[in-house]
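Protein chains: 2
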Amino acid sequence: MAQKPSIPKGTRDFAPEQMVRRNHIFDTIRAVFEAHGYQPIETPAMENLATLLGKYGDEGDRLLFKVLNSGEFTAKLSPELLQPGMATRAALAISEKGLRYDLTVPFARFVVQKQNELQFPFKRYQIQPVWRADRPQKGRYREFYQCDIDVIGSASMLNELELVLVVDEVFKRLGIKTLLKINNRKVLCGIAEHIGHPDRLIDITVAIDKLEKVGQEAVCNELLSKGIDQQSVDRLMPIISLRGTPAQMLDTLRPMLAASEVGARGVAELDELMGLVDKMQPLQTAVELDLSLARGLNYYTGAIFEVKAVEAQIGSICGGGRYDDLTGIFGLRGMSGVGISFGADRIYDVMQQLNLFPPMLRAASQLMFANFGTAESLYSLGVMRQLRRSGISAELYPDAVKMRRQLDYANARQIPFVAMAGESEMQANRLTIKNMASGEQQTIPCSIDPIVEFMNK
Amino acid sequence: MAQKPSIPKGTRDFAPEQMVRRNHIFDTIRAVFEAHGYQPIETPAMENLATLLGKYGDEGDRLLFKVLNSGEFTAKLSPELLQPGMATRAALAISEKGLRYDLTVPFARFVVQKQNELQFPFKRYQIQPVWRADRPQKGRYREFYQCDIDVIGSASMLNELELVLVVDEVFKRLGIKTLLKINNRKVLCGIAEHIGHPDRLIDITVAIDKLEKVGQEAVCNELLSKGIDQQSVDRLMPIISLRGTPAQMLDTLRPMLAASEVGARGVAELDELMGLVDKMQPLQTAVELDLSLARGLNYYTGAIFEVKAVEAQIGSICGGGRYDDLTGIFGLRGMSGVGISFGADRIYDVMQQLNLFPPMLRAASQLMFANFGTAESLYSLGVMRQLRRSGISAELYPDAVKMRRQLDYANARQIPFVAMAGESEMQANRLTIKNMASGEQQTIPCSIDPIVEFMNK
Numbered sequence: 001m002a003q004k005p006s007i008p009k010g011t012r013d014f015a016p017e018q019m020v021r022r023n024h025i026f027d028t029i030r031a032v033f034e035a036h037g038y039q040p041i042e043t044p045a046m047e048n049l050a051t052l053l054g055k056y057g058d059e060g061d062r063l064l065f066k067v068l069n070s071g072e073f074t075a076k077l078s079p080e081l082l083q084p085g086m087a088t089r090a091a092l093a094i095s096e097k098g099l100r101y102d103l104t105v106p107f108a109r110f111v112v113q114k115q116n117e118l119q120f121p122f123k124r125y126q127i128q129p130v131w132r133a134d135r136p137q138k139g140r141y142r143e144f145y146q147c148d149i150d151v152i153g154s155a156s157m158l159n160e161l162e163l164v165l166v167v168d169e170v171f172k173r174l175g176i177k178t179l180l181k182i183n184n185r186k187v188l189c190g191i192a193e194h195i196g197h198p199d200r201l202i203d204i205t206v207a208i209d210k211l212e213k214v215g216q217e218a219v220c221n222e223l224l225s226k227g228i229d230q231q232s233v234d235r236l237m238p239i240i241s242l243r244g245t246p247a248q249m250l251d252t253l254r255p256m257l258a259a260s261e262v263g264a265r266g267v268a269e270l271d272e273l274m275g276l277v278d279k280m281q282p283l284q285t286a287v288e289l290d291l292s293l294a295r296g297l298n299y300y301t302g303a304i305f306e307v308k309a310v311e312a313q314i315g316s317i318c319g320g321g322r323y324d325d326l327t328g329i330f331g332l333r334g335m336s337g338v339g340i341s342f343g344a345d346r347i348y349d350v351m352q353q354l355n356l357f358p359p360m361l362r363a364a365s366q367l368m369f370a371n372f373g374t375a376e377s378l379y380s381l382g383v384m385r386q387l388r389r390s391g392i393s394a395e396l397y398p399d400a401v402k403m404r405r406q407l408d409y410a411n412a413r414q415i416p417f418v419a420m421a422g423e424s425e426m427q428a429n430r431l432t433i434k435n436m437a438s439g440e441q442q443t444i445p446c447s448i449d450p451i452v453e454f455m456n457k
Numbered sequence: 001m002a003q004k005p006s007i008p009k010g011t012r013d014f015a016p017e018q019m020v021r022r023n024h025i026f027d028t029i030r031a032v033f034e035a036h037g038y039q040p041i042e043t044p045a046m047e048n049l050a051t052l053l054g055k056y057g058d059e060g061d062r063l064l065f066k067v068l069n070s071g072e073f074t075a076k077l078s079p080e081l082l083q084p085g086m087a088t089r090a091a092l093a094i095s096e097k098g099l100r101y102d103l104t105v106p107f108a109r110f111v112v113q114k115q116n117e118l119q120f121p122f123k124r125y126q127i128q129p130v131w132r133a134d135r136p137q138k139g140r141y142r143e144f145y146q147c148d149i150d151v152i153g154s155a156s157m158l159n160e161l162e163l164v165l166v167v168d169e170v171f172k173r174l175g176i177k178t179l180l181k182i183n184n185r186k187v188l189c190g191i192a193e194h195i196g197h198p199d200r201l202i203d204i205t206v207a208i209d210k211l212e213k214v215g216q217e218a219v220c221n222e223l224l225s226k227g228i229d230q231q232s233v234d235r236l237m238p239i240i241s242l243r244g245t246p247a248q249m250l251d252t253l254r255p256m257l258a259a260s261e262v263g264a265r266g267v268a269e270l271d272e273l274m275g276l277v278d279k280m281q282p283l284q285t286a287v288e289l290d291l292s293l294a295r296g297l298n299y300y301t302g303a304i305f306e307v308k309a310v311e312a313q314i315g316s317i318c319g320g321g322r323y324d325d326l327t328g329i330f331g332l333r334g335m336s337g338v339g340i341s342f343g344a345d346r347i348y349d350v351m352q353q354l355n356l357f358p359p360m361l362r363a364a365s366q367l368m369f370a371n372f373g374t375a376e377s378l379y380s381l382g383v384m385r386q387l388r389r390s391g392i393s394a395e396l397y398p399d400a401v402k403m404r405r406q407l408d409y410a411n412a413r414q415i416p417f418v419a420m421a422g423e424s425e426m427q428a429n430r431l432t433i434k435n436m437a438s439g440e441q442q443t444i445p446c447s448i449d450p451i452v453e454f455m456n457k
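First to last, the protein sequences are chains X and H.
If you're matching positions, the first sequence starts at 1 in my numbering and goes up one per residue.
If you're matching positions, the second sequence starts at 1 in my numbering and goes up one per residue.
Since the hints were made in silico from the structure, they are not lab data.
Please note: incorrect hints may appear among the correct ones.
Same chains, same label: a pair holds when it works inside one copy or across any pair of copies.
Lysine-lysine pairs mimicking BS3-like chemistry, simulated, CA-CA at most 30 angstroms apart [what the hints assert, rightly or not]:
| no. | residue 1 | residue 2 |
| --- | --- | --- |
| 1 | K4 | K55 |
| 2 | K138 | K114 |
| 3 | K9 | K226 |
| 4 | K213 | K226 |
| 5 | K76 | K4 |
| 6 | K4 | K114 |
| 7 | K76 | K279 |
| 8 | K114 | K402 |
| 9 | K434 | K457 |
| 10 | K279 | K402 |
| 11 | K9 | K55 |
| 12 | K76 | K172 |
| 13 | K114 | K9 |
As the structure is a computational prediction, the values presented were derived from the model and not from experiment.
Construct all of the structure, not just a fragment, from the sequences and the given hints.
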């Protein structure tokens, strides 16, 4: 029956050393979210497939993990569905639930379901794992955490400003130098109109989104291959490659997009947001207008954001934007929202790479009591109970093995202090406490104050 | 495209009011676990079905949520598998992953995989959801959280004692009056030998586990229906119905089980544990020896535990025990462990029912700044940034709507303080702050100290 155990590819176990580091990230992000008035919600891991399908494009539908129905599911498989090439339809015949793919669509579903109980504008945060049947590769997992905030029910640009402030504060507290890129989907619409292809916005955004990764030539080729003519491509490339201060770039853009109603609105929105951001300087994050920033998801309709770690070669660690009609797909119209998602796993990789984790993050107890036998252990347990109630984590080595082995264990676990109470200490109502780093040890009364004093000195 | 959204039956959304209460439970449990030196780990939501199958009995196998393989899965469905009644085998042909059913089996798998990196005894805690395709009913969900601690690699009874101390401290901090029932699987083995049915331990434990729920007569009938003879049942019932102090009960039991080697060891173990527990009195939880306590899971081999809330009519809120060979199924033998699992969802139900949540648990900001327009908002945002860094959560109402509507929003959200900085306040570098409960308001300098002073008075 013994089998060599393993876990599904693209998933991970987290050992204690990794957990404390991950929790440092989650706790920091959560604290900033709460400081800004975002309220926590959670949604189920499984959603009805009807909720998820069609929200992430064809590729997204394919990447959903589908949960098999219980019972006599095979009865649903008609001979037609068993033909080669019918797997996608067959899957839907025998599964009605899927694992959540992101936190945004479940949030929209939540808002629509609870619309009569919520106060709008509703500011929520949500920190939960998501699952994608993507091909696993370095830095890309099939199970990973998203940390999302969204405000829904307010069109004010102050919400976008607040997201900038949250981004700034999170990465300041984590010690990561960042670059926040901002663009606006209306501007991209305006550019598509300007180059004569208002109906090709998706092809254009999909292509230019890759500019930084693949370079100008590859983007041009992709656009041409999609049937965008050479002249239009020639008009497009200088625009998305514009550089300069936001004010300079908007000054260049404004006359170009003046003839496009949506484009002109986009420029005005960017102008307003950049003005607000300016008023909040100094920020730690650099803020940049990047007209090639497109963000893949089609539900964005206004400002879009993406954050990169300046000192690490890794994709974006945070991204989001404004969507005017996310809840419309579930029947609730007229609810504008804006949100941003922090990618905890990539943030972890950046902090690991740049050695940014505080050195004192530790999963172990602060103090281990050595074990000299049952009577001595019971003696130790009395003071341990008081220590624990004072917030000092303490553990008793459970077996009365050789002291050497117990001390080796404390060292390997990086437990900083070891207390020893053998028979003689017990009779004198004392204990010996040892600083494992310095080797200093002292015999002191067996009560909480002298122990704390030794540990703090 | 609009559809009325819903979530899968047996799953739940958690709104902010519920989240803060749930987090109060999780934070309390986590703090106690950490104070006792347990270290956090996490495992993936999906495990290979090979890891999960056969660990929870036939019923458990049926209750696993199975995740459909991607790709051309239908090719795996031979005509034979499509026959009625073959659904279970068909499911295994087209799915190789399942959602975790508990935290114990993934923990055993984790320990075996990482055995060369871990320090033993290894004390871990794990707080994650699990999924079971059970029929949903009141208090039983298809997605729920478990909060587990286990020590593996030590046979010392001090570990069992520590679990008792953890149980006591958790429920003391949560304010729940509890009864902790203890028994020992070796004693149950001894009883099975004593009544002449050493080979029927599982049938016997399954039946007597229901004693409290269904009564003596129904247990007798179940035993008889399983082919246990009347005489044996007559010998069994008085034993499992024994009451008295642990010492009295063990005195009655000792001679009965003297002829059973395993039974005598069980009595000695219970004796040792009860003696240790006695030394740690006073405890808040009542501790009782209950010879009818059996715990369903077959991997327990020593002490078993179950905790009930004294003042609520609800099943057990916590349970666990000693297992001598949990990791053996994955090829690592000789690792004795002991653990306990807290059921956060039932604890929530108990606290809700008994009104035990602290009244100040709140998801909202402590302070809302009203919105008088962009310039005033930017003025407010300056002091808000300082407040947030001092740990005071603050939010700006995002739209410059009528003051009445903004105050109604703050009231509905139960935000205790509202700050107002209109044009005149701004010019005087002041703001007006209002206590929403008392109605008191005051105009004070727009800086952090006077604001904090007003909020604290």
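Handout entry: Which numbered hints fail
Key = Result: hints 3, 7 and 12 break, sorted rising.
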